[in-house]
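Here is what each chain is made of, one letter per residue.
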Amino acid sequence: MTGLVFDVKEFALHDGSGLRTTVFLKGCPLRCAWCHNPEGMRPVREIARDLKKCRHCGLCRTPCDHEECRDLGVCVKICPEDAVRAVGKVMTPEELSRRLLKNREFLEEGGVTFSGGEPLLQAGFIRETAALLPGISLAVETSAHIDPEIFRRAIAGIDEIYADLKLIDPALHEKWTGVRNDLILGNLRRLMESGRIFTVRVPLIPGVTDTPENLSGIASFLEPGRRTVRVELIPYNPVTGAKYRSVGREYRPAFDEKAPLRKDLSPFREKGIAAVAY
Amino acid sequence: MKNQALYDYYLAHKHRDFRKPFREEDAKAFRDPAVPPVKRMAARLRALLDQETPVILPGQKIVFLRTVTAPPSIFAEEEWEKIRSGHFIHELGYLSNLSADYGAAIRTGLLRRREEIVSRLEKARAARDGEGIDFLEAALSEIDAVRAFAARYRARAEEEGLPEIARVLSRVPDHPAESFYEALQFFRILHYTLWAEGEYHNTAGRFDLWAWPYLRRDLERGELTEDRAAELLEDFFLSFNWDSDLYTGVQLGDNGQSMMLGGVDAAGNDVYNPLSRMCLETSYELKLIDPKINLRVSKNTPFERYLEATRLTKAGLGFPQYSNDDVVIPALERLGYGTEDARNYTVAACWEFILPGVAAEVVNIGALSYPKAVQKAVYRDLRNAPDYESFLERVKDAVREEAEDIVESVKNLYIIPAPFYSVLMDGCVERARDISLGNKYNNFGIHGTGLSTAADSLEAVRTLIFEERSLTPAELIDAMEKDFAGYELLLHRVRYELPKLGDGEPGPREAAAFLMNAFASSLEGKRNERGGLFRPGTGSAMFYLRHASEIDASPDGRRKGEPFGTNFSPSLYAKSAGPFSVIGDFTALPAAKTINGGPLTMEFHSSVFRTDEGIDRVARLVKLFVDKGGHQLQLNSINRERLLEAQAHPEEHKNLIVRIWGWSAYFVELDKAYQDHLIARQEFDE
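Chains as they are written, first to last, in my numbering: chain W, 1 to 278; chain D, 279 to 964.
Excised from the complex, chain D in its bound form:
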């Protein structure tokens, strides 16, 4: 730790003492229904920043702290209800899960952005483009609000005799950053403002791609030592954590602050650089849940990098999550993304593939429950199916019906405007339109939940009903409806004896591939109202609980109410044959066709990482996963005993971090259902 005092300050949460609620009377400024929402969003940001008090913490280098908690909505309840009744509202209504083009803004400076907006505004006025005028005026007003706020921080730094901070703030955000320090501070201002504006799951994007040139220049010129750079990086990483308990998510920690390292640039050149390595090390040192580290890899990734990354896995944060360029880039190209854009992919809050700057997608607009489709086919069609192949066709129908229901349900999408976010996205100022209305790519992503439960269920149906003919459809349906009461032998057979996805057996694997292909083909050719596609995925998010509660017991022996496995992983109750078989199965599935994102998730006992030898073995395993064509992987280093202990004595395990479905969190802050799910997952030990 380079700055132990600041770190300790964070751990003690002393910075939260500065917090105060939003002054309600200021809400009048943005509650007037006669004013367009985009301008009201600008007014709200202005009001919030006006109420903010600049606070510089002892020893802090990267400043900006939230002292005012959430401001109220720009909409009164009635007004929002009216909007809701006429539109599809995604989650909270605010923009989420995008990646801004921070690098471009940091290279440009807000003053020049401002000039671009001013000149575009003239054109909009000349063209009497009312909507464009509103948007551009809102953007302009927000830029000025941010500049004014930064100026107040600068004044505070001067007052407190902190000339270095004052000097940095005299450059950014107005002017392009000229040093690593300025670039980091600039990013912090932009990222802070996105959260303040109201957007959420605001990712950090490809940090080592745009920030490395600053660091390299500083190091080359001797203006920064590596040690000092590491200290700045620690401070920068801490900045993701100061306010994160105020950020929106399903659970605390689900805040989307994903940072992508490595991969290739638009021209296809390797990006991984000394800054990437420093990020892995800093994350290891700090052991905090943010930023959530991701690493892009490929067949060309040197083994040494896997070792560096596995050392971070050892820390138990659930980082890094790996994405495989060899699979992801071509798959995105097949979906119609331009090559340069596809090469620039990063991940959204969890694992959904998104493109910084150019995409305005809703990557988690819905979730398809594979087991629900299988249940539907079993109840409706199994009695009349002459053979397994015919039954599979009915399963395909059921998957398509589920997919079509989702597609139909997401019409007339309304997203609350995000003028400052728009300033950081390509093309919005040019078009004079807010990012909430769309951008170059406007695809919608749909998760695919419970793949293993569904595949294992099909394998049970295939074996018992069609191959052995040892069970009738009526008996199976009765057992499912009765939650296997009176069917103990059948339960044992399907739950513990038949092969499961992850056992390396062809039956479940073929069933899983069939389901994924069915999902993909059911969305093929479908367009959303923004001209975008629907991208099927392999993620589950929290639907591993929610979808599981919607169906009866399943043919694989999952009892009623028991959750599914997380994301793209074996069923929670399958004791799989081991890590090799799991990786073998999950790299053999057509993930390229369902490329919205969603990793194979594996848990290893923390003792596996105890020795260098253990680290070496895990790194080899990850490399094989990638070389075999796996698309995405996240690893947890956990210790079930310790999790149980933490459930019993949460006060003694406040800093215990775990990976949930695509984000990391403090274990004791999770709802018990999520804790229990983690405890139930198979843990591979030494």
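In isolation and in its complexed conformation, chain W is listed as follows:
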């Protein structure tokens, strides 16, 4: 069993309570137009270039037989500026847990969060890693776009759940994320019914998700869970585009990035749902 990890970030401030390390797992079924982690989308290793550091010396095209460079088409072990890197590291649960437990005393004051990408695409890897982290509080940040049975089993061993809900309208959801939201709504509905406490995060995208219809639609959907659900509105931060260019893509969102954001908590609060905006 291995997982594909694209980053391990110590001292992550927005991924759960206390002092936390977040593990970013690579691969996501969604293609949100505003995605901040384009390097987390594809479930395979790929190269990322730091175009500011690249001197166009061509050294990375030197033929090599490094295991790490296989299938990447370039050598990632030669750049003097480290401007060409492999994104995605294949790790065993043992390797990942060893990496995390180097900071055990810190994590005991918080925990480990699995994020992505969509972390639950690698639910088995998470479960096996979690088994090696006894006494460490765990959190997951998920799109909830996942098979209900996988979702149910995956969250059983997780202490804090952060699930995204971007758009309540199925057609709009498909338009902006590439997938319909039926799996997501189903998983969230069952989560509400289970009585577990969890957080729903709504990324506020100007003119897309911050509309009155969407926010009040989400609020109505979450109303049955008002005693256990907490809502966080996460404002859109303009994406620089550099991250997209580094993995060979362009960032051209079909919404107005600079339009004012509606950070409206009232649809939630009116229904008795705890909500904050960042």
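Do not rely on the hints blindly, as some may be mistaken.
[What the hints assert, rightly or not] For lysine-lysine, the following PhoX-like pairs were computed, each having C-alpha atoms within a straight-line distance of at most 20 Å:
| no. | chain 1 | residue 1 | chain 2 | residue 2 |
| --- | --- | --- | --- | --- |
| 1 | D | Lys838 | W | Lys53 |
| 2 | D | Lys317 | D | Lys577 |
| 3 | D | Lys871 | D | Lys906 |
| 4 | W | Lys52 | D | Lys689 |
| 5 | D | Lys871 | W | Lys89 |
| 6 | D | Lys689 | D | Lys804 |
| 7 | D | Lys853 | W | Lys243 |
| 8 | D | Lys853 | W | Lys53 |
Keep in mind the hints are simulated off the structure, nothing from the lab.
This one's a predicted model, so the numbers in the text were calculated from it and none came from an experiment.
Mind docking chain D on chain W? Use the hints.
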């Protein structure tokens, strides 16, 4: 801001309009080679204060302003050259980096100090102790010069219809302070005089320890409200800034005006009090580079205090710097400091541990370059080393040789006398000897530079040469000499792939511990000519540039000319695993054995501090650092984008403050090399 007008006056630097150069013809009074230097120093201070014009700024409460810029040396160039050729001269030759016992002087008053000197002088005369007589006469003359100067300020206050200032100056400095206001004004007079006498890196010491009783009494008696006390404190903090551009340092801002808060008193009781908290708040409000706030903490420090301190970190001044009593006090005791003295520690200009009143140490007499020692061992011994352990023994030899070179080079130290400083130190009047000749503790401190570069280099040698045997010593040496030209794969491997100190891996950590132990043992048992020890340290000061320029590319992949990390921190080019791993590694090292001072230095992006949650997390991190036994920590809140922007448009970022190696400064006033170093440091973000 309680006194916005005075603050604005400062920011506009209008007070500098009063400045004038020293009147050269007055230099004759202190240039006579037939007169002993200690008396010439007194004559120089007298001449300077005589030339001074009392200036009271609009709305100012704590007075004394420098209007005369630096006076010339008491030595003509030739005379100084002669002294230099026969002595070791530390930096500029003046006393620096000490902490006076301000509290004792403020409780005593200068009149009584004067009486003590007069009676001691009689004894010295009876004993025909010529040196003692010269010193005591100099001290007496300086006390009178200061008193006369204060009297002129008092007269000015009366003329200007400022009865409150006049009343305070009718009490101090002659008599013991009886109120918080008088205590602050008294301190200002003493501190001002030290700078005027010529000493530098004049620290502020443990302010909340000696000043709190005055404030508490005033508050209890209802003579002062908290609001009014805060206003006085602002004025007092401003007083550290009026003249500081005239003070000596490697760069503007490197002026040593460190203030220590918290910790324990001589009996071991917690010192942190409402004044400590007010100091954190005032510093946050003013956002000025002085005084530079330090905080003593320990396992017993309540979490709330870390929150209060982290709120100040948010201001971006690089304050407070933390020192951990649990590590520092026992380590100082092991070096032979008495328990009560050790409990009273403060820091020198940056982070060197010093003892107010009793110590006359030179805390930065030299600096050992760990990477230079490693390079020496690689070039000289690596080819013949059968295994890593044997090679480490040769590294130890090289460290010892470097340390011994420093010890040998600091013989016959001469420090320019400092009679007024002596008046503020314990025992000088009693002994009738100037503080420049020594005091109860006379240890010398030696920095340790480039620890991470050296440890990472050893890890590269261990892995490639001895473990994998994938590289020969000859190849490594060739790569270092050629700055890795033609060795791109090797460069990538050592620079970007092998673990670094701060990654939480045992290899570099063990190498670092080995180096620190080697440094400590190489100085063990060595005595300086004043009977003091040599204290190894974990600081770098500006040697992170200077030492780096002295060696070739290093085995860790640092290219020739690239600087080391600052102080006790990961290498500048190591992208470490994160704040937890950095703290984990640096709290696992034997800092107690190298306790001259030098903090783990970490940079956080300013957005980390944006929310209360962020403040809470940073405070937890600091608490864990302390609980895990870290000895010293300084944190920067910075924003690289803004630093780059400030480099491009300095005129728009005049008030941008950053922490350099142990002091805070206005970014745009720094040399580019120091700016670039800061920009290159790893910045931990959200």
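Checklist entry - Which earlier hints can't be squared with this structure? => result Structure breaks hints 2, 4, 5.
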